[in-house]
Amino acid sequence: MSSSSAAEGAGRLRRVRHWLGPPVLQPPLAFYALLFLAPLLIFSVVSVFQTSQTGLFDPVFTLQHYAKALGDRFYLRSLWNTFEISLGVTLLCLALGYPVAYLLADLRPRPRKLLIILLLFPLLVSTIIRVYGWMVILGGRGIVNNFLLRWRLVDDALPLMFNTGTLYLGLVTILLPYMVINVTNVLVAIDPALGEAASIHGADRRRVFWRVTLPLSLPGVLSGCLLVFTISMSAYVIPLLLGGHRVKMLGNLVFESISSFNWPFAAALSLVLLGGTLLACLGFLTLLGTERRRAPRRA
Amino acid sequence: MAVRPGLDVMARDVAGADWEAIRHRWFRRGLGLLTAVVYLGILAPILVVVLASVSPTEVFTFPPPGVTLKWYQEFFRDSNMRDGFWLSFVVAAGSAVISLVLGTAAALGLTRERFALRHLVSAFFLSPIIFPSLITGVALLLFFRALGVPTLPGLILGHAIISVPYVIRTVAASLAGFDVTIEEAARIHGASPLRAFVRVTLPIIQPGIMAGAVFAFIVSFSELNVSLFLSGPGAATLPIHIFSQIQFGAGQVVIAAASTLQIVLIVGLMVVVEKLFGISVAPQS
Numbered sequence: 001m002s003s004s005s006a007a008e009g010a011g012r013l014r015r016v017r018h019w020l021g022p023p024v025l026q027p028p029l030a031f032y033a034l035l036f037l038a039p040l041l042i043f044s045v046v047s048v049f050q051t052s053q054t055g056l057f058d059p060v061f062t063l064q065h066y067a068k069a070l071g072d073r074f075y076l077r078s079l080w081n082t083f084e085i086s087l088g089v090t091l092l093c094l095a096l097g098y099p100v101a102y103l104l105a106d107l108r109p110r111p112r113k114l115l116i117i118l119l120l121f122p123l124l125v126s127t128i129i130r131v132y133g134w135m136v137i138l139g140g141r142g143i144v145n146n147f148l149l150r151w152r153l154v155d156d157a158l159p160l161m162f163n164t165g166t167l168y169l170g171l172v173t174i175l176l177p178y179m180v181i182n183v184t185n186v187l188v189a190i191d192p193a194l195g196e197a198a199s200i201h202g203a204d205r206r207r208v209f210w211r212v213t214l215p216l217s218l219p220g221v222l223s224g225c226l227l228v229f230t231i232s233m234s235a236y237v238i239p240l241l242l243g244g245h246r247v248k249m250l251g252n253l254v255f256e257s258i259s260s261f262n263w264p265f266a267a268a269l270s271l272v273l274l275g276g277t278l279l280a281c282l283g284f285l286t287l288l289g290t291e292r293r294r295a296p297r298r299a
Numbered sequence: 001m002a003v004r005p006g007l008d009v010m011a012r013d014v015a016g017a018d019w020e021a022i023r024h025r026w027f028r029r030g031l032g033l034l035t036a037v038v039y040l041g042i043l044a045p046i047l048v049v050v051l052a053s054v055s056p057t058e059v060f061t062f063p064p065p066g067v068t069l070k071w072y073q074e075f076f077r078d079s080n081m082r083d084g085f086w087l088s089f090v091v092a093a094g095s096a097v098i099s100l101v102l103g104t105a106a107a108l109g110l111t112r113e114r115f116a117l118r119h120l121v122s123a124f125f126l127s128p129i130i131f132p133s134l135i136t137g138v139a140l141l142l143f144f145r146a147l148g149v150p151t152l153p154g155l156i157l158g159h160a161i162i163s164v165p166y167v168i169r170t171v172a173a174s175l176a177g178f179d180v181t182i183e184e185a186a187r188i189h190g191a192s193p194l195r196a197f198v199r200v201t202l203p204i205i206q207p208g209i210m211a212g213a214v215f216a217f218i219v220s221f222s223e224l225n226v227s228l229f230l231s232g233p234g235a236a237t238l239p240i241h242i243f244s245q246i247q248f249g250a251g252q253v254v255i256a257a258a259s260t261l262q263i264v265l266i267v268g269l270m271v272v273v274e275k276l277f278g279i280s281v282a283p284q285s
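Protein sequence lines correspond, in order, to chains A and B. The opening residue of the first sequence carries number 1 in the numbering used here; numbering runs sequentially from there. The opening residue of the second sequence carries number 1 in the numbering used here; numbering runs sequentially from there.
Since the hints were derived computationally from the structure, they do not count as laboratory data. A few of these clues could be false.
Rough simulated footprint, nothing fancy, chain A against chain B, three-plus residues with beta-carbon under 8 angstroms [as the list claims (entries may be wrong)]:
id	stretch
1	31-42
2	148-154
Which chain B residues face chain A? A few, computed with CB under 7 angstroms, are given here [stated by the list, open to error]:
id	residue
3	V48
4	P65
5	G249
Just so it is clear, the structure is predicted and the values come from calculations on it, not from any experiment. Even for Gly, the Cβ is constructed at its ideal location relative to N, Cα and C.
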């Protein structure tokens, strides 16, 4: 009997190994399952429970939170704003980041590495510090206003902070490194012989760019865009400190529901945010996918 | 741009090529200007914070009228800030150690064997980097509240989840260049699997492990989104202290000193990684 259960155990172990890999992988998998997957699953379940006045939630099924998050004009508007801002930020990052990546990819390896480290470094510095830097520059008693007042270019400090412009400025400058690094890596990997072959066959520089370089760099554009868009969708410190109270992104509303201990609604709102992000990313993917399929036929 | 002489000579043979060259030169200048502006936008906020921290005036003016260290003295006198710095250090060290062990194990498991769900498991392991950390933070807060996990272990575990992927990436990168036959040779000569790993594999992938651990430390030290939820009263990390000081508008210049200390620490650690391992400028997630 003991031998049969031992054989059963060995069989189970083999099955685990076949599906989930060697034993050394199991502790990290368990850690992730417990501290990443389980909290998210519980969180999703809580989103269909009723709000409790005393505890964290009331385990009674309801869809009212989703009805509110997707039916209430205020929340729908915030979802749309969040989407609009994130899309704008992504496009700006692409428009500014692609040319920079193009220049970096053309440099020799050493200066390129130095310039990429200069992009990596800000990503490691806490977002809060980079936001604070913008406050020192643009605040009521910031560098810009100080300069303008000292030279009597204005009579009163300009309200440079807390508007949509600063929100965009903050998000774009904070997320740009992701775009530049992703696109540069793809551009560097393109075989220069391809461009040379195209110009030997009579294509000018612009044609080489539009027909060879750009299509081949789309994977980097895609990963850069997805990264910037996803982070921007769930931003809430930057909108809070740079956008002020007039611009409310969905992340800020999640934070507010937590502050008022409405856990189930915060959960539903988070899942709406997650679903919206996922849908938009799938949209990007299909858009760029068809673009890539079409590209060779046009060329 | 590396000028490719052969093509340039060829281009000059074509009518109107001079115009093309002039246009290209202006295009290059525009590109250089745009790059300078982009770098300025990315780096200026950080530079300004460093300058403000050593500037004597309460309201920062550019250029600063002098140099002082009084804001640093104030930082170290402020027990809240000091505690925040210390807590950040403890949390970062704790989560770096956890990430180091789990990340190395995961990288070994993912690279050594081909199993059915390998791609899925690999994506799962790297997903905390792309997954909205806002939602990770809220979900963990609810989870820890429900289980009654205290603040400090909660912070360490929460940060570990976010930083494990960085260790996995650096260790996997160093394992990619590792010749498995060396370890097999040790086994054939009678070393136990553990001994072969500790004496042969580990020394070779050690720089990758250390670089990953340093990155994990930095990621945790700068972490804002998850900490904002998992910090509790009396247990807030340095970025959270800076955040609340900004929000409630007290002691503005101390924030610059606190930030600069963090920046200096990060630069120092990046130099260490570069010396140890060479900072990999490979794809970001």
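Hint check:
Figure legend: the stretch 31-42 of chain B, annotated as covered by chain A; annotation consistent (8 residues with Cβ-Cβ distances under 8 angstroms, at least 3 required). Evaluation of the coverage hint for the stretch 148-154 of chain B: breached, as 0 residues show C-beta separations to chain A shorter than 8 angstroms, against a requirement of three. Checking V48(B) against chain A: minimum C-beta separation of about 5 angstroms stays under 7 angstroms; hint holds. Because the smallest distance between the Cβ of P65(B) and any Cβ of chain A comes to about 12 angstroms, over 7 angstroms, the interface hint for this residue is violated.
Violation of the interface hint for G249(B) is found here, the shortest Cβ-Cβ separation to chain A being roughly 10 angstroms, above the 7 angstroms cut-off.
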